[in-house]
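Enquirer: All letters in the sequence shown, in the order written, are residues 701 to 847 by our numbering.
Fair warning: there could be bad hints in the mix.
[To be verified] When the alpha-carbon atoms are kept at most 30 Å apart in a straight line, the in silico DSSO-like pairs for lysine-lysine are as follows:
#1 Lys789 with Lys802
#2 Lys749 with Lys802
#3 Lys835 with Lys814
#4 Lys816 with Lys789
#5 Lys789 with Lys835
#6 Lys789 with Lys728
#7 Lys719 with Lys731
#8 Lys816 with Lys834
#9 Lys738 with Lys728
#10 Lys814 with Lys834
#11 Lys816 with Lys802
#12 Lys738 with Lys727
Keep in mind the hints are simulated off the structure, nothing from the lab.
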Amino acid sequence: KNELAQHLGEDPLPLRRAKITAEAAVKKAEKATAAASKARAQAADDAAKATESRAAAEASARQAEQDRIAAEASARQAEAAAEAAEARKQEAEAAVEEARAKVAEAEAYLEEVKAKPGQAQGALWYMSRELTEKKKYMPTAKGGIAR
701 KNELAQHLGE DPLPLRRAKI TAEAAVKKAE KATAAASKAR AQAADDAAKA
751 TESRAAAEAS ARQAEQDRIA AEASARQAEA AAEAAEARKQ EAEAAVEEAR
801 AKVAEAEAYL EEVKAKPGQA QGALWYMSRE LTEKKKYMPT AKGGIAR
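All chains, full assembly: derive it from the sequences and hints.
Expert: Now the structure itself:
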């Protein structure tokens, strides 16, 4: 009975203070746990986003490499086409020069035939006229004459 009386007679303040302190510590720990959980979730989200970004970057790098290879192939084809076009241009220029030489030869032969007596002057005039008409519609840079 005496102990009970002592116990009931004691000041309840230290016990109440300990209980409040314990509750505060529990609340503080719960807040820290919640913040850590939230931080862990955010870190996991960030890690997932980083993984997705890395995968996208790798895919972009692979696509860029394929595009580069395709561009190089296109460049080689364009160079080959340019070389072929240059060769065809040179062939065409040679053919034009050859045609000019043949026209000059034909004109010289026509003049030679005109100079001989006893030729059909009407046929010679007609050939000369046809040649002049054709030259009128050619560019002057290609051997044509002014209209």
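Enquirer: The structure should be examined with respect to each hint, and the outcome stated for every one.
Expert: Evaluated hints:
1. Lys789 with Lys802: Distance of about 20 Å is within 30 Å: holds.
2. Lys749 with Lys802: Judged against 30 Å, a Cα distance of about 77 Å means the pair is violated.
3. Lys835 with Lys814: 20 Å, holds
4. Lys816 with Lys789: 41 Å, violated
5. Lys789 with Lys835: Roughly 23 Å separates the two Cα atoms, so the pair holds.
6. Lys789 with Lys728: 88 Å, violated
7. Lys719 with Lys731: 18 Å, holds
8. Lys816 with Lys834: Holds - the C-alpha atoms of Lys834 and Lys816 are around 25 Å apart, at most 30 Å.
9. Lys738 with Lys728: 15 Å, holds
10. Lys814 with Lys834: Judged against 30 Å, a Cα distance of about 20 Å means the pair holds.
11. Lys816 with Lys802: 21 Å, holds
12. Lys738 with Lys727: 16 Å, holds
Consistency note: the structure conflicts with the earlier hints numbered 2, 4, 6.
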